[in-house]
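**Student:** If you want the building blocks of each chain, they are given just below.
There are 2 protein chains.
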Amino acid sequence: MDTDKLQFAKGDGLLPAIVQEYQSGEILMLAYINEEAWAKTLSTGKAHYWSRSRNKLWLKGESSGHVQLIKEILVDCDEDTVVYKVEQLGGAACHKGYHSCFFRRVDDDAFNIKDKPVFDPAEVYKK
Amino acid sequence: MDTDKLQFAKGDGLLPAIVQEYQSGEILMLAYINEEAWAKTLSTGKAHYWSRSRNKLWLKGESSGHVQLIKEILVDCDEDTVVYKVEQLGGAACHKGYHSCFFRRVDDDAFNIKDKPVFDPAEVYKK
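Residue numbers (my numbering), protein chains in the order written: chain A, 6 to 132; chain B, 6 to 132.
Treat the hints with care, since some could be wrong.
Because identical chains cannot be distinguished in the list, a pair is counted as satisfied if it fits within a single copy or across any two copies.
Below, in silico cross-link-like pairs of lysine-lysine (DSS-like), each with a Cα-Cα straight-line distance of 27 Å or less [as the list claims (entries may be wrong)]:
| # | residue 1 | residue 2 |
| --- | --- | --- |
| 1 | K61 | K119 |
| 2 | K121 | K76 |
| 3 | K10 | K101 |
| 4 | K121 | K61 |
| 5 | K121 | K10 |
| 6 | K121 | K45 |
| 7 | K45 | K119 |
| 8 | K101 | K76 |
| 9 | K15 | K119 |
| 10 | K15 | K61 |
| 11 | K15 | K101 |
| 12 | K45 | K61 |
| 13 | K119 | K101 |
| 14 | K51 | K61 |
| 15 | K45 | K76 |
| 16 | K119 | K10 |
| 17 | K45 | K101 |
| 18 | K101 | K51 |
| 19 | K51 | K76 |
No wet-lab data here; the hints were simulated from the structure.
All chains should be built: construct the whole structure from the sequences, respecting the hints.
**Tutor:** Written as structure tokens, this is what we have:
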């Protein structure tokens with residue numbers, strides 16, 4: 006049965022959010038949301054996630070300034086995945102300096118870089 | 006450090022695969038892969054997943070005939086998510102009959118259907 010609630014229990018509290026650039030349709034990244042990140046995203050219009058590595062709520066861009074402005078949100082048939090369609094400020098979603106985290110293509114057994122970096126991470130994430 | 010291997014251990018053996026229509030850039034679905042599904046996808050050129058509900062290897066389209074032909078695969082900076090760029094046979098990825106599983110938009114608290122179904126699931130998945 007379709008509901009108007011995300012099924013956080015299916016992911017033990019965490020569900021994947023696919024981040025797609027609103028203007029180009031390019032997939033920028035995938036991150037995870039919990040109920041708090043979801044509520045913050047809806048209330049602020051800025052993409053929030055749950056950082057699995059730091060184990061805390063994460064406003065994307067809080068360090069780099071590269072905030073993601075929510076333009077549209079889609080939900081799947083199982084209510085266990087969302088798509089954030091965003092305007093990516095700063096021109097790059099990836100902490101490695103690329104426009105998209107998916108900057109490598111799989112060719113047989115090799116992962117080959119197909120994009121050029123937009124910024125130098127050492128400059129943006131200053132010590 | 007970048008590697009040319011997917012980090013299946015990060016997802017306890019399962020990693021998300023975002024499925025994007027090659028021609029349109031539309032996001033069709035998200036499913037999960039284990040090492041076996043990943044190897045089968047690479048060797049056959051058809052999208053394979055691990056069905057979490059049925060707990061088995063899943064050739065997408067094995068029931069409906071709506072196979073996904075792999076056109077390109079991208080991998081993210083953390084080697085824990087992939088994008089399958091596919092040609093979706095049969096015109097629909099969603100078992101509910103829609104082109105995309107993301108056929109609903111989130112408007113405030115409501116999930117509103119934005120698309121029209123392509124097929125009738127009762128016809129395609131015959132008893």
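**Student:** Cα distance capped at 27 Å. Does K121 pair with K76 within a copy, between copies, both, or neither?
**Tutor:** Classified as both; 26 Å inside a copy, 22 Å across copies.
**Student:** Quick one: K121 to K61, C-alpha cut-off 27 Å, is that within a copy, between copies, both, or neither?
**Tutor:** neither (30 Å within a copy, 38 Å between copies)
**Student:** At most 27 Å between C-alpha atoms: does K61 with K119 qualify within a copy, between copies, both, or neither?
**Tutor:** Close neither inside one copy (32 Å) nor across copies (33 Å); limit 27 Å.
**Student:** Taking 27 Å as the upper bound on the Cα-Cα distance, should K51 and K61 be classified as within, between, both, or neither?
**Tutor:** within (16 Å within a copy, 37 Å between copies)
**Student:** Between the shortest in-copy and the shortest cross-copy C-alpha distance, which are at most 27 Å for K45 and K101: within, between, both, or neither?
**Tutor:** within (25 Å within a copy, 30 Å between copies)
**Student:** For K15 and K61, with the copy left unspecified, which applies at a CA distance of at most 27 Å: within, between, both, or neither?
**Tutor:** Answer is both: 20 Å inside a copy and 18 Å across each meet the 27 Å cutoff.
**Student:** My question is about K101 and K76: at a cut-off of 27 Å on alpha-carbon distance, are they close within one copy, between copies, both, or neither?
**Tutor:** Classified as both: same-chain Cα gap 24 Å, cross-chain 26 Å, threshold 27 Å.
**Student:** Pop the pair K121 and K10 into one bin, within, between, both or neither, using alpha-carbon distances up to 27 Å.
**Tutor:** Only across copies: K121 and K10 sit 21 Å apart there, 39 Å inside one copy, limit 27 Å.
**Student:** Is the C-alpha distance from K119 to K101 at most 27 Å within one copy, between copies, in both cases, or in neither?
**Tutor:** This pair counts as within: shortest intra-copy Cα distance 14 Å, inter-copy 35 Å.
**Student:** Should K10 paired with K101 be assigned to within, between, both, or neither, using CA atoms and 27 Å as the limit?
**Tutor:** Cα proximity of K10 and K101: across copies only (18 Å, versus 34 Å in one copy).
**Student:** First find the shortest C-alpha distance between K51 and K76 inside one copy, then the shortest across copies, and answer within, between, both or neither for a cut-off of 27 Å.
**Tutor:** For K51 and K76, the Cα distance is within 27 Å only inside one copy (9 Å; across copies 33 Å).
**Student:** How would you label the pair K15, K119 (within, between, both, or neither) given a Cα cut-off of 27 Å?
**Tutor:** This pair counts as between: shortest inter-copy Cα distance 24 Å, intra-copy 35 Å.
Against the hints set out earlier in the document, violations occur for numbers 1, 4, 6.
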